[in-house]
Amino acid sequence: MNSIRHQSNNVHTGVVKNAASAETIIITIVLNNQSQTCESPISVGEIVHGYASNVEGTAVAYNRAILSKSQWSLTHLNDGDSVDIFTLVAGG
Amino acid sequence: MLTKQDIRRYSRQLLLEEIDEEGQTNLHRAHAVVIGLGGLGTLASRFLVGAGLGNITLIDGDVVDVSNLQRQVSYNETHLGDLKTKALSRELHKVDPNINIKAKSVFADKRNLQQLIDNATCVLDCTDSVTIRKDINAACVAAKKPLFIAAASGFSWQAINLPCHSFLTSAHQLTPGSGCTSETHDTNLANYTSPINKVSRNVDNPCGCYNCLVAQLNLTQDCQSQGVLGPVVGIAACHQATQALLFLAKRHLAKIQWGRYIVGNAVNATIQSFHLPPSPDCKVCQ
Ligand SMILES: [Zn+2]
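Protein sequences appear in the order of chains V and C.
In terms of the numbering used here, the first sequence is residues 1 to 92.
In terms of the numbering used here, the second sequence is residues 1 to 286.
Hints are supplied without guarantee of correctness; some may be wrong.
Stated by the list, open to error - Derived EDC-like pairs (lysine to aspartate or glutamate); straight-line CA-CA distance at most 20 Å:
1. C:K94 - C:D109
2. C:K102 - C:D62
3. V:K69 - C:D281
4. C:K134 - C:D109
5. C:K134 - V:E56
6. C:K144 - C:D82
To be verified - Just a sample of chain V residues kept apart from chain C, beta carbon distances all over 12 Å, derived:
7. I42
8. V55
9. N78
10. D79
11. G80
Think of the hints as simulated: they come from the structure by calculation, not from any bench.
Even for Gly, the Cβ is constructed at its ideal location relative to N, Cα and C.
Using the sequences plus the hints, can you model the full thing?
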């Protein structure tokens, strides 16, 4: 979890003063069933790359629907969104 | 019409409204094609045959190896070196000698799949690689056959039920004789003509296909490279057999969850399910 970019320890959603920029928007998402705060804007792709070192075979559900890989970087998270990252299996 | 013997044999499931006498009769007339006779295929076909499925085609070109016995429950030491199709057919005939079992001792591939699934009411993908799974998916989409997929690796098991795809985009273009519209072994079954229930007819919320799921992913995990615990494959196979039986017994009533990708974790005992939307750039279903 620590490797997620823009990660913040802020518990609550809101606006935080930041030295570099005027203000930063912090959102809370649910990542694999765990509450997580991060700086907005952030894409699903950024979350995935921060979570899994090897994304081959990694599938992502965004708000309970599978998101095709071509949409990962185009989908930006809003407060309250859920992201589930899992590895596809094919054995039998 | 069920015989006295049938009623005794299937008494436990006849009590279920999802099966009952009508469903039992439908099961007897249905035909499932099971591709891959490993951990998934052996167990799923055992349950289908036990439940009174009338016709089953078993497809695998492999022979039984001692490393299979850990999870492929229909085989034992007496089968080592035998073709899996032969070994499994023998064991399934012991369960019910009246079941019509066809054995095809070949590996399914792009060239033979269309013919292999031609007479199927539904197909069970019990194989173990993404390549062949993609081929099976493409063949089922082209032939409009409902497809029940299961997979397992490590402690994870996953599954999805895929309806005949044309149904979701063009409900009026179903071909007579396809797995979606008529019964392979009895085309006159009046109450057996509307297989996909209203839930799956949800055109507002259509589902994708297996290719939509894996097209852009590079999957390498299988039982050989990742390892797997026998009962974890068993969970996947039991889920797959349950879904196929619900469909085959009462296709117009069963509350089948079409197009939902199930992700089970056998360690935490958790199950999640996600909607699989069609991928706009899918070359198979779009
Ligand atoms: Zn597709």
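Hints violated by the structure (numbers, ascending): Failing hints, ascending: 1, 6 and 8.
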